[in-house]
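Protein chains: 2
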Amino acid sequence: MKIGFIGTGIMGRPMALNLIKAGHELLTWGRRFDTVEPLLVAGAMGKGTPAEVAASAEICFTVVSGTSDVEQVILGERGLVHGVKPGSVIVDMSTIAPSATRRIAAQLEVRGVDMLDAPVSGGQAGATQGTLSIMAGGKTEVFERVKPLFEIMGKNIVHVGDHGAGQVVKACNQIVVSLTLQGVAEAILLARKNGVDPTKMREALLDGYAGSKILEVHGLRMMNADYKPGFKVKLHHKDLGIVLDNASENHVPLPGTAIVAQQIEALMEAGDAELDSAAIMLALERLAG
Amino acid sequence: MKIGFIGTGIMGRPMALNLIKAGHELLTWGRRFDTVEPLLVAGAMGKGTPAEVAASAEICFTVVSGTSDVEQVILGERGLVHGVKPGSVIVDMSTIAPSATRRIAAQLEVRGVDMLDAPVSGGQAGATQGTLSIMAGGKTEVFERVKPLFEIMGKNIVHVGDHGAGQVVKACNQIVVSLTLQGVAEAILLARKNGVDPTKMREALLDGYAGSKILEVHGLRMMNADYKPGFKVKLHHKDLGIVLDNASENHVPLPGTAIVAQQIEALMEAGDAELDSAAIMLALERLAG
Numbered sequence: 000m001k002i003g004f005i006g007t008g009i010m011g012r013p014m015a016l017n018l019i020k021a022g023h024e025l026l027t028w029g030r031r032f033d034t035v036e037p038l039l040v041a042g043a044m045g046k047g048t049p050a051e052v053a054a055s056a057e058i059c060f061t062v063v064s065g066t067s068d069v070e071q072v073i074l075g076e077r078g079l080v081h082g083v084k085p086g087s088v089i090v091d092m093s094t095i096a097p098s099a100t101r102r103i104a105a106q107l108e109v110r111g112v113d114m115l116d117a118p119v120s121g122g123q124a125g126a127t128q129g130t131l132s133i134m135a136g137g138k139t140e141v142f143e144r145v146k147p148l149f150e151i152m153g154k155n156i157v158h159v160g161d162h163g164a165g166q167v168v169k170a171c172n173q174i175v176v177s178l179t180l181q182g183v184a185e186a187i188l189l190a191r192k193n194g195v196d197p198t199k200m201r202e203a204l205l206d207g208y209a210g211s212k213i214l215e216v217h218g219l220r221m222m223n224a225d226y227k228p229g230f231k232v233k234l235h236h237k238d239l240g241i242v243l244d245n246a247s248e249n250h251v252p253l254p255g256t257a258i259v260a261q262q263i264e265a266l267m268e269a270g271d272a273e274l275d276s277a278a279i280m281l282a283l284e285r286l287a288g
Numbered sequence: 000m001k002i003g004f005i006g007t008g009i010m011g012r013p014m015a016l017n018l019i020k021a022g023h024e025l026l027t028w029g030r031r032f033d034t035v036e037p038l039l040v041a042g043a044m045g046k047g048t049p050a051e052v053a054a055s056a057e058i059c060f061t062v063v064s065g066t067s068d069v070e071q072v073i074l075g076e077r078g079l080v081h082g083v084k085p086g087s088v089i090v091d092m093s094t095i096a097p098s099a100t101r102r103i104a105a106q107l108e109v110r111g112v113d114m115l116d117a118p119v120s121g122g123q124a125g126a127t128q129g130t131l132s133i134m135a136g137g138k139t140e141v142f143e144r145v146k147p148l149f150e151i152m153g154k155n156i157v158h159v160g161d162h163g164a165g166q167v168v169k170a171c172n173q174i175v176v177s178l179t180l181q182g183v184a185e186a187i188l189l190a191r192k193n194g195v196d197p198t199k200m201r202e203a204l205l206d207g208y209a210g211s212k213i214l215e216v217h218g219l220r221m222m223n224a225d226y227k228p229g230f231k232v233k234l235h236h237k238d239l240g241i242v243l244d245n246a247s248e249n250h251v252p253l254p255g256t257a258i259v260a261q262q263i264e265a266l267m268e269a270g271d272a273e274l275d276s277a278a279i280m281l282a283l284e285r286l287a288g
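In the order they appear, the protein sequences are chains F and X.
Just so we're aligned, residue 0 is where the first sequence starts under numbering that gives the first Met the number 0, counting upward by one.
Just so we're aligned, residue 0 is where the second sequence starts under numbering that gives the first Met the number 0, counting upward by one.
Calculated from the structure, these hints are not laboratory results.
There are no misleading hints in this set.
Same chains, same names: a pair is fine if it fits in one copy or spans any two.
Within a straight-line C-alpha distance of at most 30 Å, the following computed BS3-like cross-link-like pairs (lysine-lysine) qualify:
{"hint": "1", "residue 1": "K227", "residue 2": "K212"}
{"hint": "2", "residue 1": "K199", "residue 2": "K138"}
{"hint": "3", "residue 1": "K1", "residue 2": "K146"}
{"hint": "4", "residue 1": "K237", "residue 2": "K138"}
{"hint": "5", "residue 1": "K192", "residue 2": "K138"}
{"hint": "6", "residue 1": "K192", "residue 2": "K146"}
{"hint": "7", "residue 1": "K20", "residue 2": "K138"}
{"hint": "8", "residue 1": "K233", "residue 2": "K212"}
{"hint": "9", "residue 1": "K231", "residue 2": "K212"}
{"hint": "10", "residue 1": "K146", "residue 2": "K231"}
Only chain F is shown next, with the shape it has when bound in the complex (with noise of 0.2 Å):
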């Protein structure tokens, strides 16, 4: 199938090698040749414009970082919209806010373009091995027709609901492992001050009730202090950002998730922007003094 696919970053471009991998005829177009070539190497084609891409492609993928790019490259002055099909279908995988999802879903219904929204969960190394949890919003019709090349890209694909469904479960993926990275973060810290060893701590709570896989994968991270990314602090800030704007369109008190809020904003203040947000460990250390 002729696929569009913008953004080549560290979570796109290792989703856009497994599409091309399995047989696609893939059509790019990034702002800098540099993250585009790799998909030039593995055989996509490059394009001089979203329009251009979305002109040739029956589904096309944006994964963005944030709203405004996502809304630059699918209705901006040379976006996928001014060369997109009626009876086609934009896929975004970004994580950005519902109600933009929603907005954009609607200006690219009055065209007769389909839309999902379909956030990811499970990192860089979920995007290479092609095994991401896939969150989708929008029609049914259009999820089923899209599904084949999720599944190309991930393991647990679940339709979740309508337009903007799926950036709302992302806002509720991210409270949960914001909470649970807090939780391993304030453990680690307890067990340290009082002389006990975390990576013993950590075998016995794996099996339990407190198992998960932040305390497993993240809570090795935080006790080595190996903060190398992974998933930066100032995605993580972003993430957290458009949930409690949403919790705060909804009137939703969020006050587990404002502490943890509080402690990245402590590490964007400190210069950590491009830490892993294991480094919730290093804002806790830093507030224990």
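Given chain F's structure and the hints, the job is docking chain X onto it.
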């Protein structure tokens, strides 16, 4: 082996029954006959005081509620200490303050009696199935001596350090559990207020970085407003008291844990002490109005 066992509540009773099933000779005592009766029916021998239990047993287990109960049963007027033979071991599997455990261990050591603190995680189900996580503090050789008995009651058994380390790790366990519960509750609330089905949300999150035992088990309880215990709010309240006291003694800031403790306080105040601690969802819903 002749084993003393004191504490036949929701956790202690199934643990004791597993020891009897494994062929051990149990000696027990309880304040109320009805709590001890199921053990007597299963073949345990009842004694008139904890001291009498200790006099006939090689290893004595205590599984009671709080720090004062443990002190009473071990050091009190008719406590284990007044019957216990030098060379025997007292294993406290209750969840109490690490500092209290160290104090008791020191008092027993003077009389030639060894102690282990070995609190558990895994709830009533884990106690019944013999699949508890057991986190033990104390001397290595004493741990090795008791280990075969731990293996009858639990599955993941870790010697985490010296006296008190077991209680510290249990405190860490409660921190991680608390914040994960809070995260799952906040995620469910955000999903609902956005009109997204929390069931789909949970399904999408379980296999990714947000995945945890708490999301799996307590997430379901929260969605179904099923607050039948399980692990009661009043015990969670007691345990977070231990955590925050220890944190205060050691000057450890636990901002996330403190937030959850406030939700638990609200539940206690509302008369929900007997509900399962998944009722953190209920506290959050009330906050949301």
